[in-house]
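Protein chains in written order, with my numbering: chain W, 1 to 81; chain V, 1 to 172.
Warning: the hint list may mix true and false statements.
Stated by the list, open to error - Calculated cross-link-like contacts (lysine-lysine; reagent style DSSO-like; alpha-carbon spacing at most 27 Å):
| hint | chain 1 | residue 1 | chain 2 | residue 2 |
| --- | --- | --- | --- | --- |
| 1 | V | Lys43 | W | Lys5 |
| 2 | W | Lys5 | V | Lys164 |
| 3 | V | Lys160 | V | Lys150 |
Keep in mind the hints are simulated off the structure, nothing from the lab.
Just so we're clear, the structure is a prediction, and the values are computed from it rather than from any experiment.
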Amino acid sequence: MERLKKIQRVQMPNYMYETIMSKIKREKANIIPLHWAGVAAAIVILCISTNIYLLSNNYRSDQKNGLEGLVPSTTLELYNE
Amino acid sequence: MLSFKELYNIHKDLVFNLALHFCQNREDAEEVAQDVFLTVHLKAKNFQNKSNIKTWIYRITVNKSLDFLKAKKTQKRNFFFTAKRIDDDVSTSIGHFEHPGVLLEEKEEIAKIFAAINQLADKQKTAVILLKIEQKSQAETAEIMNTTSKAVESLFQRAKLNLKKILKENEG
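Chain W extracted, bound-state conformation (with noise of 0.2 Å):
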């Protein structure tokens, strides 16, 4: 292992600066602001609570009108023959 310590130090390639610049540069672009994923967040909750409020007024209609139907008219008119 003695032979470990006879390894050279390398330099790193000049070009090397301008790769990682472009490499954040990219990392910068593909970051979303924090206030538009709010923003984001906040109308995918509000079209959520839209639509539960909706399907529920439905389904209070819906299970009114069913009784409505199962309960028959009870008037003692007779049918025209």
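On the provided structure of chain W, position chain V as indicated by the hints.
Leaving out everything else, chain V in the frame of chain W:
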């Protein structure tokens, strides 16, 4: 706090050389170095200065190098869809050893040593590289590895035994 460019200029060779010791070729070391400096750029503002910045950068380089090697191993296994031996990758092959810091006359012998180092567990490998190649003290190595000096000594002793065993097997 230093600017990113200043940090880069001070630590670029340190990062590149450490990545080279793990990857043993320029191309991979350059890729690791890019990831390291990307992380440094993103996290430098949050750096709490718990340890000094050089130690922090060493630690990032070690972690990124190990992650890179793991990903490379997984990629090769998936690509070939064969029951490839897990240790049968390019970096263990002496013929593909391309560390630019190794002199030609030493290449064969050092390639054998690196082929054995590559078969060690990550922590043992890191201990050997930091202690023997980077020539860090036990205390410095312990700080980089976020452990104690005793643990580093224990890791190094186990690594030495394993290396002897592997080198013997490879010769035989």
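Tested hints:
no. : hint                : verdict
1   : V:Lys43 x W:Lys5    : 33 Å, violated
2   : W:Lys5 x V:Lys164   : 18 Å, holds
3   : V:Lys160 x V:Lys150 : 15 Å, holds
Going through the hint list in order, the structure does not satisfy hint 1, though it satisfies all others.
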